[in-house]
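Keeping their order, the protein sequence lines are chains L and C. Just so we're aligned: 79 in the numbering used here is position 58 of the first sequence, and the numbers increase by one with no gaps anywhere. Just so we're aligned: 206 in the numbering used here is position 167 of the second sequence, and the numbers increase by one with no gaps anywhere.
One or more of the hints may lead you astray.
Unchecked claim - Simulated pairs of lysine to any residue, SDA-like, Cα-Cα distance not exceeding 25 Å:
(1) C:K187 / C:N207
(2) L:K59 / L:P87
(3) C:K130 / L:E60
(4) C:K215 / L:K123
Worth flagging that the hints you see were computed from the coordinates, not collected in a lab.
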Amino acid sequence: MGRVKIKRKSTLIDMTAMSDVTVLLLTFFMLTSTFLQKEPVTVKTPSSVSQLAVPASNLVTVLVDPEEHVFISFTGAESMPSDTVRMKVLEQAVATYNKLHKDKPLQLTQAQVQAFSSLSMFGCSFANLPAILSMTPQEQDLAMKPDQPGNMAGIPIDSRKEFQSNPNEFQIWMQAYQTVAQDIKCDVEKPDGTIDKEGTAFDLLRQGKVIAVKADETTPYSVVHVVMDNLQTMKMNRFTLMTSLKENK
Amino acid sequence: MAQIEQSGGGEKKKGAQKKMHIHVDFTPMVDMNMLLITFFMLCTTMLKSQTLNIILPTNEKVEKENQNKAKQSEAFTIIVDSERAESEDGKKPGRILGNYVYYYEGKPGVGEDGVITENNIKEPEQGNGTVNAGVVDQIRDVLRIKNKEVVKQLDELQKEWQAEKISNEEYQKRSKEIISSDKIEDKPVVIIKATPEASFANLVSALDEMQINGINTFQIDNLNHQDSILLKDYLTKHPRKK
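Isolated chain C (complex conformation) (with noise of 0.2 Å):
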């Protein structure tokens, strides 16, 4: 493989320098290189898993009880759920058939005794009952709206990172300024909640909606009682399409 070629073969002048020409194929090393980086590329996670930030409120009982004097009236909850199919083996959980988001404002329109006053659940005018997760997207406009104050802060403040009139640090850190700022009035306090067939990437697509929304108070709870009657009776109500 590796070649020695001599050149002018016939006519040798006495004294003068051999020519040699060295040629090495390299071609058996290209294939074996090859498939070293086939093997690395296969192998190699080159996305990086992100993670998410979450802070739960400890079960310590004095904390429960501030939590409840949030003032309910500021409340938003958000309820999500998903369809499934009927387990196949009974210990899988089953196909998801359509995921679901549903919100009511303020106190739950059902008494502590379980007796409904109004219903005052909702559910987004369309986007409901997707197959793909991620179908919170669908009540962004109503966030926005209850969150007005700081969307249209946050809004202006893109415009001039935008227009390059600030630096990309200065926009994060006015961003985070705004966010958590407490001088900005009528900003909503948001209950998430789960059934527990809700998929999990639709809980955390509706953690998403709270940074994407700039929601600063925010946390999960787990469904009550009252929320499975209203959301009962809702559904008997209006019935998901099939």
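Chain L extracted, bound-state conformation (with noise of 0.2 Å):
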């Protein structure tokens, strides 16, 4: 009886091909993804069967949770990008403000300034501001978040009407985005299909095109309701809300 002769086989498999398809993988990732924005709440947005594409530039996200903390994130455009427009936000927003208060102004330093143009959403009150600012960015998470023990989470509203005269911190922060967005240059679509090039995000803010609301599905109306309400008291009555798509039955 002759031995079976195992056969010594190398067990080197070739990974070149391997290698190939993981690096396509990777490149198609690497450049179709747009990372998660980091948001003080999660929320749930509702679905709905609408298709319009959430706009990537000239956009402000209005987010409300559902114990009516407010928080607001600006994006900017080709022509101006996101951290100029909020530092030109926060001037004017902070001018506003401390006319308002003539008694307790505030004064930011440029340091101060830098970190908020580099917040991509916030919600503090003015008071709070400077403090928030100050923090490295893990602690401002942390104080933005509502279910922190001792934080300052959330833009005051309430819903007085007399803007002009007496804004609240909301209107405030809302008004001084409208009078940027009429520096900030872009394309606009005319009701006719024709492209403006001469347009300004204040054009679209007029179209309805730059608001977003942002709620988690189970919020009640009457929290969701003082933030329309404030829009429409300020005129910027045509806006979005933010949904996610629902499958047609």
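Put the two chains together into one complex, using the hints given.
Okay, here's the thing in structure tokens:
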């Protein structure tokens, strides 16, 4: 009986093809990815059949959580990047705030203004602004989370109507953006389909393409209504609601 | 790892070129790539959110008067509501126990003085009280009948489109024309009202119904005193099933 000879096979597998595939996949993901935006509260947006995409530029997201904490995020455009927009909005808003609070004016250092321009989404009162902006990014995240003890989350909002003479803080921010928007150059699609090269973000705001209200699907209408009512008061009565796509039955 | 193998170790011919087998082990590279792919897959948002356009009337008084002139006989009012559990900590809104939708046609059956003449609130035959949002689907049939002329034309157009007689763009264009056409008579004016407890999802699904049923004229309004009286009266007569 001859012994069965076990052939010694090399266990080396050629990984070159595998490597090719993974590199391709990696390239695809790197190019298509847009990172999840850091938000102080996670919300599940309601589903809708509407298929309008969220614009990538010139977007003001107003996030409102079920306990009426309001957060705002400003996105710029090609002609004016987001950090410049945020800086200008801050400048405008602080100027308005100081006009109303002459006894306790707000003074921000250059470093604090820089810190604000890199904040993607913020939500705190003007009084807390210097404190928040002096923190490290990790501390900022915690300070603006509504479920943390001792947080400073939420832009103060109420349903007052005299936004010209005595605005609330939410109205100050939105007014400031409206002023800045007049200087943001971008292409604007007119109702007849032609594109106006000389347009500004202000025109888009008038068309209702800039402001997006984002709220969780379980949020009571009374809370969403406060935000909508404020926008209505400021004559920004055209806006969008952030939704997710619903599968058509 | 990277190996360079020489073949034919023993006999060497003079002048013959050495054959070199270069073998690089790619396994660590693949490992690393896989890790990176996993990272990108977890961190990306493939699903982009959508938006829903809404236009609210301005708060100015002049416009409000004009609105009220909208023929109340043609008005169709939808009231969305949610039943909530007691709030756990007094701050967070309570858990949703059920979603409800009610509607009435024409004027509310209650006078300015709050005296109910005839309670004309109705609710869909089934579906009210589900926990899932989007209960407003249930009144689609009612809305379709109210807006039958537009719906009929849209359906005909869709048939043509499905038979590939018209192009996609033409379909979009013509359906838009039908929806906004003012030649069609008996188009309803829908007023959407939400109670303070109603969930945001309910409001959005009510707005969705406008789009699905091709209703061009609708508005979001606040629940007024008369509506509250009507709703309260209706609920005492038709208590919600537990």
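Each hint tested on the structure:
{"no.": "1", "hint": "C:K187 / C:N207", "result": "holds (24 Å)"}
{"no.": "2", "hint": "L:K59 / L:P87", "result": "holds (18 Å)"}
{"no.": "3", "hint": "C:K130 / L:E60", "result": "holds (21 Å)"}
{"no.": "4", "hint": "C:K215 / L:K123", "result": "violated (53 Å)"}
When each numbered hint is compared with the structure, a violation occurs for hint 4 only.
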